[in-house]
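Below, each chain spelled out in residue letters.
Number of protein chains: 2
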Amino acid sequence: MMTSANETCELCQSPGGEVVHQAEFFRVVIVDDANYPGFCRVIWRDHVKEVTDLSELDRMLMMDVMWQVEQVVRDVMQPEKINLASLGNMVPHLHWHIIPRFTDDVHFPAPVWAEAKRTPSPDSLALRHEKLPLLRKKLQQHLASYT
Amino acid sequence: MMTSANETCELCQSPGGEVVHQAEFFRVVIVDDANYPGFCRVIWRDHVKEVTDLSELDRMLMMDVMWQVEQVVRDVMQPEKINLASLGNMVPHLHWHIIPRFTDDVHFPAPVWAEAKRTPSPDSLALRHEKLPLLRKKLQQHLASYT
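In order, the protein sequence lines correspond to chains A and B. Using the working numbering, the first residue of the first sequence is number 1, and each one after it goes up by one. Using the working numbering, the first residue of the second sequence is number 1, and each one after it goes up by one.
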């Protein structure tokens, strides 16, 4: 098994969230973000910078996993919109953000990296946080076949 | 040919950039952003909201096009990092941003939607703008087989 870990890379050295599925070449985590319950990441195992640094097969695997995660996040969280992003300017280790967005969230309709627009209602956030055990369970079920 | 156009949707009604390749199911455009020369978009033809609303084949086509565009943008623009995003909170019509990022750009290392960090040097931007004819040509060449 070839791995390429970088000693100073946060995503080589730490999980980047609560790992709900660990496969050989990637992991899926739920991000602990009080304002964005249901925020997930697909993180490639190796310290690869860009999608086009992967082989075609690896890209297909990664994106297949992405759509599984997107579908589960949609089903469980019932967001207004899904936001997807692979940025990595600060941590150039291939990882995707899958973020369920709601019209009353901190930044909507702006991206989550923009200036905050409002303080979300604690009740509304609490309802979303309550869905996390189901999200975890469904992700584990849907990703179980990826070894 | 089935199409589903939305009368109030910006991306159903206008190209969303300079069209460099128009295929049956998608188009690729270069965005006119003075601060981000080389910024491209892959825009799905139909008014579809989420990636997981597409069929598996359509998703594979779209992502295949994405990687072609990413590779050409990398080759021509030589960025520090590529940023990819599908957001659509304001325009819920499936489209991807492919943004070449540079350490001296307006927001680096923050996402382009964050607060500006600096005014980029006009010389540096001018050099990047000079690459646009080559970018246009290479995109057209690499995407020609997608009809």
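Among the hints, erroneous ones may be present.
Which copy is meant is left open, so a pair is good if it fits within one copy or across any two.
[Unchecked claim] In the DMTMM-like style, the derived pairs of lysine to aspartate or glutamate whose C-alpha atoms are separated by at most 20 Å in a straight line are:
hint: 1; residue 1: Lys137; residue 2: Asp104
hint: 2; residue 1: Lys81; residue 2: Asp46
hint: 3; residue 1: Lys131; residue 2: Asp53
hint: 4; residue 1: Lys138; residue 2: Asp46
hint: 5; residue 1: Lys137; residue 2: Glu7
hint: 6; residue 1: Lys49; residue 2: Glu80
hint: 7; residue 1: Lys81; residue 2: Glu50
hint: 8; residue 1: Lys137; residue 2: Asp46
hint: 9; residue 1: Lys138; residue 2: Glu115
hint: 10; residue 1: Lys131; residue 2: Glu10
hint: 11; residue 1: Lys131; residue 2: Glu56
hint: 12; residue 1: Lys117; residue 2: Asp75
hint: 13; residue 1: Lys117; residue 2: Asp58
hint: 14; residue 1: Lys81; residue 2: Glu24
hint: 15; residue 1: Lys138; residue 2: Asp75
hint: 16; residue 1: Lys131; residue 2: Glu7
hint: 17; residue 1: Lys81; residue 2: Asp104
hint: 18; residue 1: Lys138; residue 2: Asp64
hint: 19; residue 1: Lys137; residue 2: Glu10
hint: 20; residue 1: Lys137; residue 2: Glu56
hint: 21; residue 1: Lys81; residue 2: Glu18
hint: 22; residue 1: Lys137; residue 2: Asp75
hint: 23; residue 1: Lys81; residue 2: Glu10
Hints are computed from structural coordinates only; laboratory data are not their basis.
Q) Of the hints stated earlier, which fail here? A) 1, 3, 4, 5, 8, 9, 10, 11, 12, 13, 14, 16, 19, 20, 21
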